[in-house]
Every structure is written in structure tokens, then in C-alpha cells.
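The residues making up each chain are set out below.
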Amino acid sequence: MTTNLAMFLIILGCAVVTWLPRVIPFMLVRSVQLPDVVLRWLTYIPVCILSALVIESLLNAEGKFVTFEWLNLMAFIPTVFVAIFTKSLSQTVIAGVLTMAVLRNLF
Amino acid sequence: MVSQTEMKTVTTDSFSQGIRDCIPTLLGYISIGLAFGVIGITSNLSILEIFLLSVFVYAGSAQFIFCGLYVAGAPVSIIIITTFIVNLRHFLMSLTVAPHLTRYSSLRNIGFGSLLTDETFGVAVTKLMKENHLGGRWMDGLNLTAYLSWIAACTLGGIVGKWIPDAESWGLDFALVAMFVALLVLNLVDVGKSKLMHYLKLIGCVAVCMYILSYFLPGHLAVLFSTIIVATIGVVTEK
Numbered sequence: 001m002t003t004n005l006a007m008f009l010i011i012l013g014c015a016v017v018t019w020l021p022r023v024i025p026f027m028l029v030r031s032v033q034l035p036d037v038v039l040r041w042l043t044y045i046p047v048c049i050l051s052a053l054v055i056e057s058l059l060n061a062e063g064k065f066v067t068f069e070w071l072n073l074m075a076f077i078p079t080v081f082v083a084i085f086t087k088s089l090s091q092t093v094i095a096g097v098l099t100m101a102v103l104r105n106l107f
Numbered sequence: 108m109v110s111q112t113e114m115k116t117v118t119t120d121s122f123s124q125g126i127r128d129c130i131p132t133l134l135g136y137i138s139i140g141l142a143f144g145v146i147g148i149t150s151n152l153s154i155l156e157i158f159l160l161s162v163f164v165y166a167g168s169a170q171f172i173f174c175g176l177y178v179a180g181a182p183v184s185i186i187i188i189t190t191f192i193v194n195l196r197h198f199l200m201s202l203t204v205a206p207h208l209t210r211y212s213s214l215r216n217i218g219f220g221s222l223l224t225d226e227t228f229g230v231a232v233t234k235l236m237k238e239n240h241l242g243g244r245w246m247d248g249l250n251l252t253a254y255l256s257w258i259a260a261c262t263l264g265g266i267v268g269k270w271i272p273d274a275e276s277w278g279l280d281f282a283l284v285a286m287f288v289a290l291l292v293l294n295l296v297d298v299g300k301s302k303l304m305h306y307l308k309l310i311g312c313v314a315v316c317m318y319i320l321s322y323f324l325p326g327h328l329a330v331l332f333s334t335i336i337v338a339t340i341g342v343v344t345e346k
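Those sequence lines, one after another, are chains A and B.
Just so we're aligned: 64 in this note's numbering is position 64 of the first sequence, and the numbers increase by one with no gaps anywhere.
Just so we're aligned: 180 in this note's numbering is position 73 of the second sequence, and the numbers increase by one with no gaps anywhere.
Isolated chain A, as found in the complex:
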């Protein structure tokens, strides 16, 4: 249960650089009225960033060619169907985890 000053300062440095990008926009929009085109641009961010995060987990960029992360891809397909049919966050997460557990034990 110890640390030293150097480690504490590194953690603090990382804290500052993760905190600033999170907080600056909240301060920015209080003083600046964002132009309409930027606001419209921002409405696309959720779908784009969420799909990018999902796709990131489906790709394997370790080799010479970018290929699929096959196990994730196989678990992804039933997960999408459960999400569409249940429209429930918790049921989708449980279905995804169960599918992955089954796949891991099969392969």
C-alpha cells in the first residue's frame, strides 16, 4: 500500500491530460454560441463514435493485414439481434457475455 512522489506526479500528469479534454468543452459552450453547422455535426457524433468503438473491437490490426477478430465477430452478430429485438441494454450485455463465454469454451 505505498507509492512514491515520482509515481504520484506521473498519475497526476495523466489526470490533468485526461481531465482537460473532458472539461474544456463544458466551459467552451458556456461562453461561445456554437454555429448551427457545428451543432448539426455534433448530432452525428454519437452514432459515429459508438459504431467506431464497436468496429475497433471487431478488427485485428496486429498482423501485416487488418483482419477480423473472429471470436468477437461471431459474438457480435447474435448480440446485435438481441439488441434490436429487446431494445434493452442489460439484456444485450448479458446475452453478449453469455455468447462469448460459450464461444470461448467451444474454441
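Among the clues, some could well be false.
[As the list claims (entries may be wrong)] Derived Cβ-Cβ restraints for the label pairs, each shown as a range:
id, chain 1, residue 1, chain 2, residue 2, range
1, B, Leu303, A, Leu9, 44 to 54 Å
2, A, Ser90, B, Val178, 31 to 41 Å
3, B, Val343, A, Phe107, 36 to 46 Å
4, A, Leu5, B, Lys302, 29 to 39 Å
[Stated by the list, open to error] Computed footprint of chain B on chain A, listed as stretches where at least three residues anywhere in the stretch have a Cβ under 8 Å from a Cβ of chain B:
id, region
5, 12-26
6, 46-57
7, 87-100
Hints listed in this document are in silico derivations from the structure and should not be mistaken for laboratory results.
All C-beta atoms, glycine included, are put in the ideal place defined by N, C-alpha and C.
Given the coordinates of chain A, assemble chain B onto it according to the supplied hints.
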């Protein structure tokens, strides 16, 4: 067809509703937090350091990369710059959520921003899509539940890590992906037919962008640039 506005129902802005809306994401937070604690210990971090990282940095991917760089003996400057880049996507997330909370004080806005993560962002924009409205108390309930669960899970992972069976074989690492899938689908449920087609084409663009960028960039930067590029395509191609 019933118009979009008529279908929107606004739930009350309550702290407890925020907690309830956070619960489905907790499996993701807890399993990844536990995993982080285990990795932290094997990377020669102390339990106190694991606790401090989860309190001050509060970002899953950045904390994992921190461990990797620390173990590899990377210089401090590299650790800090990499952490910055990995979390830069939060700038876009904050910018998306912030305009809906300007009626609250600066201090509360700093609070909303400080506790923004991929997961709370996903839950908040899903609520925005449904109700076109965000309440401060609801945000606090959501954010604090996620934050405290994360700190508890990371620290617990560090303490009991040695005795936890491999979380991967339980499929728990997929909780996060499944959650993003669900949030994505929930964001598309209420958009209407013509907009849905537009969004589906944009998701196709994201896939193409991600695939190409993955050749040149680490995953977190591919996510950032794909989002910026495709959101721009979205504005240009909208009717």
C-alpha cells in the same frame, strides 16, 4: 405515422433514475475494473496506485495503456502524451453533451465533464435521442454510480486479483462491446425511416474508415479520426 415529438416522453430529472439508468452498464465497469486491478498488480503497481489511477484518471483504456508503458519502462513524457491521445475522443463526447447542460452552474458543468466516460456518454446521448433533454440530477446519479463502481472494482481487483479466475474465459471482456452495440441500436431506434437509412450508410462509412485507418494508426486514433471524418460526411450528405 405518429410524429417524433409526440412519441417523446420526458421522465423526471431525478438522481435515483440516474442510478437506475446506470445499472445496465455496471457489468461492463465492474468486470473491466476488476481486470484492471489484476493487470495493475501484475504490472508492479501497489493497491494504492491502482486506487489513485482509478480516482484521478478514471478511464479504462488509458489506465491499461498506462500499465503497459510503465512496465515497459517508457519515459514519463511518453506515458503522459499517450494517455492524452487515448482520451482525446472524450473532447468530442463532452462537446456533444455540453450544449444540453449550459443552464447549470460552471461548477456543476465541471462535475459533469470530469465524470464523462464512454459508457456514461453512451447512456446520456441515448436519453438525449429519446427525450431531447438532460437533467443535472439525473447526470449526477448516472456519473457518481459509474465513478464509485469503477473505483471499487479496480481496487477490489487489485486486492483479490490473485484469486480471480481468468475473466476472459467467462466472456466478461465482451460486456463492453455488447454495451456499445446496445447503445448504438438504442440510438437508432427512434430516428425515423429516412434518417435511419442515412445513419446506416454512415455506419458503413465508419467501417471503411476504421479498416483503412487501422493500417496506419493505433485503434484509439482510428476511432477519433473515423468519427470526425464520418460526422462531416453526415452533415454534407444530409437532406
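Review point. Does the Cβ pair B/Leu303, A/Leu9 satisfy 44 to 54 Å?
Key: With a Cβ separation near 49 Å, B/Leu303 and A/Leu9 satisfy 44 to 54 Å, so the hint holds.
Review point. Mind checking, does the region 46-57 of chain A have 3 or more residues with a CB under 8 Å from chain B?
Key: Result for this restraint: holds, n = 12.
Review point. That 31 to 41 Å hint for A/Ser90 and B/Val178 (C-beta), does it hold up?
Key: holds (35 Å)
Review point. Against chain B, does the region 12-26 of chain A show at least 3 residues with beta-carbon separation below 8 Å?
Key: holds (count 13)
Check your understanding: Is it true that the C-beta distance of B/Val343 to A/Phe107 lies inside 36 to 46 Å, as the hint says?
Key -> 43 Å Cβ-Cβ, so the 36 to 46 Å window holds.
Point to revise | Three-residue Cβ test at 8 Å for the coverage of the region 87-100 of chain A by chain B | key: Coverage by chain B holds here, the residue count being 13 at a Cβ distance below 8 Å.
Exercise for review: Determine whether the Cβ-Cβ distance between A/Leu5 and B/Lys302 falls within the hinted range of 29 to 39 Å.
Suggested key: violated (54 Å)
Violated hint for the displayed structure: number 4, the only one.
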